[in-house]
Amino acid sequence: MAVETFDLECLLAVERLGGVTRAAEAIGISQPAMTKVVRRLEALAGTALFERSGRGIVPTLAGQALLRRAQVIVNETADALAEAAAIKRGDLGLVRIGYSATVPDGFVFGACQRLLKRWPNVRIKLSHQLGGSLIDALLGGELDLVVGPAPGTQFEAKLTVSTLYRDRLIIYSDSAHPLQQRSELRLTDLADQAWLLPAPGFPLRQALERAFKEAGLPALQVHIEADFVSPALAEFVRATSLLCVGGTRIADALTWMRPLRLAHAELDLERPICATVRRGAWVSPHVRELIRSMQDAAASR
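Position 182 of the sequence shown, counted from 1, bears residue number 182 in our numbering, the numbering being contiguous throughout.
Hints were generated in silico from the structure; no laboratory data involved.
Some hints could be false.
Claimed, not checked - What follows is a list of derived Cβ distance ranges for each label pair:
(1) P272 <-> T77: 28 to 36 Å
(2) A150 <-> R182: 27 to 35 Å
(3) E270 <-> L217: 15 to 23 Å
(4) R182 <-> W256: 16 to 24 Å
(5) R288 <-> K213: 40 to 48 Å
(6) G18 <-> T77: 18 to 26 Å
(7) H128 <-> A2: 35 to 43 Å
(8) A43 <-> S162: 40 to 48 Å
(9) A298 <-> A43: 46 to 54 Å
(10) T77 <-> L126: 20 to 28 Å
(11) T77 <-> G46: 19 to 27 Å
(12) P272 <-> D105: 18 to 26 Å
(13) R288 <-> E214: 39 to 47 Å
(14) K213 <-> S300: 35 to 43 Å
No experiment lies behind these values; they were computed from the predicted model shown.
Just so it is clear, CB atoms sit at the ideal spot from N, CA and C, and this is done for glycine as well.
Model the full assembly from the supplied sequences, consistent with the hints where possible.
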């Protein structure tokens, strides 16, 4: 029995939404029809693909294996159809770009403006999120290009990464913080400080924790933890003793915030900012042009 791409899309919807009924509504078919798709695929696989958990259903180990490959097939099919349609139309329509909160807006906007000058009819969709969410969206086929910190090595087989420039993160505090009076700081001076940081899974947090551990210092005292970045979030630091970490341009946007004068040898938070696409996916001329444009802009900085 042949498996249709639509069947795989249904399976992915059930996993994403945690239930057959919600998946059927999202896809636009009846609940019995969605159940029939799942049962047919389970019959072909010879095993259950989902099991009940709490109020919803989750994939079994066999289901997880099938879902991983189903996502690849759905993505590849969408890429192939998009490429064929673009060739027929003579244009390439929509470009979906995601960029990290640590990348300057102007860097991305400038590349988009240059693209529009060359192809005035192109449509651009921008998404501004944390790096981990962007990579998930890229792998899920929701984005064509991600601009942000280099993804983890666990994604090497799935992504193609081009370095644009290197960014150095800096520890910041309110300008009135007592540590601002010190001419040069060591890591030990930060051992008893309170922090505003991203969640433990983010590379920035991991780099800080690793540096403190290697220096034999106590664990970081994280008083505020957030899975997002915004100027409003940084307001927590104003007129408090909290420390945070940001890119080199944050002080330009938030005039009350100042970098701490930490000896460079004490903590190196330099990282590559990259343009990332799915490995093996069709990359449109527009996306290739955006990457070239950003590489040229980075080289002239």
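Structure-based check of each hint:
Against the hinted window of 28 to 36 Å, the Cβ-Cβ separation of P272 and T77 comes to about 32 Å, which satisfies the hint. Here the CB-CB span from A150 to R182 is close to 32 Å, well matched to the stated 27 to 35 Å. In this structure, E270 and L217 meet the distance hint of 15 to 23 Å, their C-beta atoms being roughly 21 Å apart. R182 and W256 have their C-beta atoms about 19 Å apart, which keeps the hinted 16 to 24 Å range intact.
The hinted window of 40 to 48 Å between R288 and K213 holds, with their beta carbons roughly 42 Å apart. Restraint check, G18 to T77: a C-beta distance of roughly 24 Å satisfies the suggested window 18 to 26 Å. Taken as a hint, the range 35 to 43 Å holds for the pair H128 and A2, whose Cβ atoms sit roughly 41 Å apart. The hinted window of 40 to 48 Å between A43 and S162 holds, with their beta carbons roughly 44 Å apart.
For the pair A298 and A43, the beta carbons lie near 53 Å from each other, so the given range of 46 to 54 Å is met. Taking the beta carbon of each, T77 and L126 are about 25 Å apart, inside 20 to 28 Å as hinted. In this structure, T77 and G46 meet the distance hint of 19 to 27 Å, their C-beta atoms being roughly 25 Å apart. A hinted range of 18 to 26 Å for the beta carbons of P272 and D105 is consistent with their spacing of about 19 Å.
At about 41 Å, the beta-carbon gap between R288 and E214 stays in the expected band of 39 to 47 Å. Checking the proposed 35 to 43 Å range against K213 and S300 shows it holds: the Cβ atoms sit about 39 Å from each other.
In this structure, every one of the numbered hints holds.
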